Amino acid sequence: MRFDLQLIPDWIRSKARVLDLGCGDGSLLCKLIAEKNVDGLGIEIDEDHITECIDKGLNVVEHDLNQGLATFRENSFDVVVMAHALQTLRDPHLVINEMLRVGRECIVTFPNFAHWRCRWHLGQQGRMPVSKFMPYNWYDTPNIHFCTVKDFEALCEDNGIRILASTVVADDSSESTMGRLMPNLFGVTAVYHISR
Amino acid sequence: MPEQSVGIVTPQSHHFAQPIELACGRSLMQYDLVYETYGKLNSDCSNAILICHALSGHHHAAGYHHENETKPGWWNSYIGPGKPIDSDQFYIVSVNNIGGCHGSTGPKSINPETGTPWQNDFPLLRCRDWVNTQRELMKVLGIQQWAAVIGGSLGGMQAMRWALEYPDEVRHCVVIASALKLSAQNIAFNEVARQSISSDPNFHSGYYMSHNVIPKQGLRLARMIGHITYLSEDGMGQKFGRELKTGNFSLGNDEVVEFEVESYLRYQGDVFSGSFDANTYILMTKALDFFDLAREYNDDPVEAFSNATCSFLVVSFTSDWRFSPERSREIVDALVAARKPVSYAEIEADFGHDAFLISNERYEKVFRAYMQRVAGETV
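For the record, the sequence lines run as chains B and E. Using the UniProt record's numbering, the first residue of the first sequence is number 1, and each one after it goes up by one. Using the UniProt record's numbering, the first residue of the second sequence is number 1, and each one after it goes up by one.
In case anyone wonders, no lab produced these hints; they're calculated from the structure. Bear in mind the structure is a predicted one, so any value in this text is a computation, not a measurement. Please note that the accuracy of each hint is not assured.
[Unchecked claim] Heads up, incomplete: computed chain E residues facing chain B, CB under 7 Å, no partners named:
(1) Lys-181
(2) Asp-333
(3) Ala-337
(4) Val-342
(5) Ser-343
(6) Ala-345
(7) Ile-358
(8) Arg-362
(9) Lys-365
(10) Val-366
(11) Ala-369
(12) Tyr-370
(13) Ala-375
(14) Glu-377
Glycine residues also receive a C-beta, built at the ideal position from the N, C-alpha and C atoms.
So that you can see chain E by itself, here it is in the shape it has in the complex:
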C-alpha cells in the first residue's frame, strides 16, 4: 500500500426508516446509504467535507478495502493525508447515492412492498433526491454545515444543487468539470448508451434479474462509448497511438490484428459490465440529462445562484469536450453576475473529461490552495 493514503477503510451503512419524498412524486419508504469517511470530525464539527460521486462512481473514493486491493478508491489522487482534500485536516464523507449499485438502495435492492428487487420499477431520480438523502446522512453524522461540498461532473451538479437548496449548510462549493445542464450532444451520447443496453436481448425491459440474466453485452457497449467520450483524441493518441496488441501488418500474414486501443476498450467494458448494474446506469444517465440548475429559477442561472451564500471554486480541463471549459465558464459568469465569491482555473490536461480523476500538477496546486483556505476557516 503506497504512502499518502488513508489506508484500509471499511464502508459503513445507515438504514433510514423515515420515508423520503422524491422529485418524481413517488416516495422511498425506507432506504440504506453506504458511505466511507476519512479523517476525524473536529470538536465543533466544522471540518466536514462531502464528496459527491459522478455517473459510475460510488462511496469508495480513497484508500483500500483490504491489504491486497490493487486499485485504491476512485479519487485517491486527491483525497488522503497531505493531499488537496487532506484527511489530516478534514472529516471527509463519501456516499454511494441512492439508485446506485454498490450497496445503497437501488434497482437491485428488494422493494419492501413486493419482496422482490425493484429493477426497472425503481423511481426515476433527480440530482436533488441525492442531495436530500445526503442531507439525511449529514444529520445522522451530527454535522450542521459542510466546510465544503465537492464533486466532479455529475458530482459537481450535486454540489451546486446543495448550494442552492441548503445555502446555510454549505460554506464552500467545489465544482469540477461540470455544467449548468447537459448539451444536446451530451444527451445524445447518453441515449446511445441507454439504447445499447435496452437493445440487449437479456435486458427484458429492465427486469433481467427476474430472468436470472444480465444485459452484459449492452452494458459493455454503453461503457465503451462512454469511455471514448471521456477521453480526448490527443489523450488516446498519447496513451495508445496505433500500437498493436496482437498481430502485425507484414504481407502474407493473416494473423488477427488488434490495436491496443481496442483491447483497452474491451477490457474497460468487461470490467464495468461485470460490476455495474444496467438499471443504475440508465437511471444515472437520465438524472444527468434531466439536470438543469436554473430550470426552476426562470431559466436564469444568475437568479439561481443568487440563493447561494457559499464561496465557489470552479475547475475545467482544456481537452474535456463532454464538459468543456465553456460550460464551466457559464457557471463562473453566472456566479460573477450574481456577485458570488468565485475562483476559476482552466487546467491544461490531455485526458479529456477523465482528467478530473488523474494526477496533474497544476490542478493539484489550485485545488490544494483552495482547500487550505477552507481549512483555515475550521477550528
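Looking at chain B on its own, in the form it has when it is part of the complex:
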C-alpha cells in the first residue's frame, strides 16, 4: 500500500463517517474499516475500480469530482479524504472548499512537484519530469494541476484553511528526517490534515 495511505488512519478517530474522494480500488477504505471501524463511502469514476469496491463489500458511488460536491450536505461526514486526486481536478481549490463544507475535517495527499528530483529533471534536462510515480508525458497526463508543498500551504493561507497536521513521504517511502526538515525539497508525497 502507498505510504501516504498508511499514514491516514492515525488522523481518523474510530467509527468516524468517512468520505473517500477518488477511492480507487478501495484499499484505504478497507484499511480504515479494519483499523478504525469507520462508516465509509467511496466516490470513484473508474468503472473497474467501482466493481472492485463493490466486490470488497464497500459502499461506492460513481461520481465525477469535477462536477463538485453540491449534492452532498454540509457537515454530513466527519472526515473527507482525497488521496492523490487533487492534481487531476479541473478546479482543485473549489473542490477543497467543497470538501471543507461536506466534512468537518479533511485529509489531502498530493505529489510534491518541488521534490529535488523533479527540480533536477526540469533544471538539468529542461523537460517535464517523468518518473515511476508520475509516468506520463505532459500531453497525456491526467495530472493537470501540479503543486508544491509551499503552494498548498499558500492556498490554505489565502483561503483561511487551518492546517491541523502535515507530513511528507520521502524517497524511501517513509517519513524521514530530511523530509521533516525540508519537506518541499525531500517530500515525494505531501499529506495534509486540514479544517476550517
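Fit chain E to the known structure of chain B by using the hints.
Below, chain E alone, put in the same frame as chain B:
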C-alpha cells in the same frame, strides 16, 4: 433451450381468502397471486429474493414455460444459474402483481360480489398495495426476511417501498432505472397512452368485456408511444437507422415505402395489444404516476430513507431519458444524506430505459459483484 437458463418453469398460484385493505380505502375480499420461483430455499430461509416487475411485466421473469417457447422470461439475461441473480445460490420469487392481467386478480377477474369481471371497477392501486400483497405471499412461502428485493423502473419503486414499510424484512434493496417519483413529462407520456386507449370506440368506459370487444387499436397506440420513450434516439438509430422494410425511393416508383422502425413499432403494438389488458395498462400507469416515495415523510426523501435498515444498490443507464441518471442520483443523494449504505453505478448503454432488461457487460459485472455480497451473507 440455451444453457444458463433455469429451464422449464411452471407458474404457481395461491388463493388468499383473507381480505386486504388497499391504499384507496377499498378492500379486496379475496385474491389470487400467480408467481414463479427459481432455485431452492435454503434451510434457514435466508436466501430468498423478491423480483418486482415493471409496468407491463409479470411473473414470468426467467426460463421457459415449455420446450418450444421461443422467448424466455423478461429478465432471463440476469436470472439463472451463474447469472447475477444466481438461481444456484438464491431462491428467487417473481410475482404477477394484483391488478395485472397474467393470472393474478385484476380487472379481468370475476368480482365475487357481482359474479362478473371487475373491468373498470377494479380498485385503483398504489405501489404499497403490491408490497402488501407480496408480503402475504412471503408469509405463505415461509420467508421471514428477503435477502434482497430487486426491481427495475416501477419495480424499483416497489423495492424502495418495501425498504420503508417493512425495514426488518429486507436486507438489500436493488433499485434499477427508477425514481423517487415521476416527472411531469413522464406523467404526460402516461396520460397520452391512457387517452389513446380511452378514445378507442371499443373502450366503452373500460367496460369493453361486457360488449365482447377489446380496445385493441388504442392499446396498440399506447404501447407504440411507450416503446419510443423506452428507447433512445441513438439506440433506435443503431437498431433501425433509416433502413426500409419495403419499397424504395427510386423515381417513378409508387410502391408503398415502410421504414424498419415503423414495422417494428407496429409489430410491438400488435403483440402487446393482443396479450395485455387495457384496464391493467391504465391502472399500472396510474400507480406509476401516483408514486411519490417521500409524500408521507414531509416530502423529504432523506426523512423517508431514515426508516430503512437495508443496504442499497442503485443503477442507472446513460441513455435512459424516462428514468434518467439524475433521478437515480436523487435516490443516492438522499440515501447518503440519511447515512444509509449505498452503492451506485451509472452504466453506459444505448438502449434507453429498456437497457435495464438487456445484456450489458458492465451492468452485469456490477450487479454480479453486489449479488455476491448478498449471497455471502446467506448460509
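Status of the hints after comparison with the structure:
Below 7 Å, beta-carbon pairs count as interface contacts, and Lys-181(E) has none with chain B, the closest being about 17 Å; its hint is therefore violated. A hinted interface residue such as Asp-333(E) counts as satisfied when its beta carbon comes closer than 7 Å to some beta carbon of chain B; here the least separation is about 4 Å, so the hint holds. Interface restraint check: Ala-337(E) against chain B, minimum CB-CB distance 5 Å, threshold 7 Å, status holds. Below 7 Å, beta-carbon pairs count as interface contacts, and Val-342(E) has one with chain B at about 6 Å; its hint therefore holds.
Of the supplied interface hints, the one on Ser-343(E) holds, with its beta-carbon coming within about 5 Å of a beta-carbon of chain B, less than 7 Å. This hint holds: Ala-345(E) has a C-beta 5 Å from the nearest C-beta of chain B, less than the 7 Å allowed. Among the interface hints, the one on Ile-358(E) is violated; its C-beta lies about 18 Å from the nearest C-beta in chain B, farther than the 7 Å criterion. Using the Cβ-Cβ criterion of 7 Å, the hint placing Arg-362(E) at the interface with chain B is satisfied: the shortest such distance is roughly 6 Å.
This hint holds: Lys-365(E) has a C-beta 5 Å from the nearest C-beta of chain B, less than the 7 Å allowed. Taken as an interface hint, Val-366(E) checks out: its beta carbon lies about 6 Å from the nearest beta carbon of chain B, inside 7 Å. Given hint, Ala-369(E) at the interface with chain B, holds; its Cβ is 4 Å from that chain's nearest Cβ, closer than 7 Å. For Tyr-370(E), the interface hint holds, the least distance from its beta-carbon to any beta-carbon of chain B being 5 Å, beneath 7 Å.
Violation of the interface hint for Ala-375(E) is found here, the shortest Cβ-Cβ separation to chain B being roughly 12 Å, above the 7 Å cut-off. A hinted interface residue such as Glu-377(E) counts as satisfied when its beta carbon comes closer than 7 Å to some beta carbon of chain B; here the least separation is about 10 Å, so the hint is violated.
In this structure, the hints that do not hold are numbers 1, 7, 13 and 14, in rising order.
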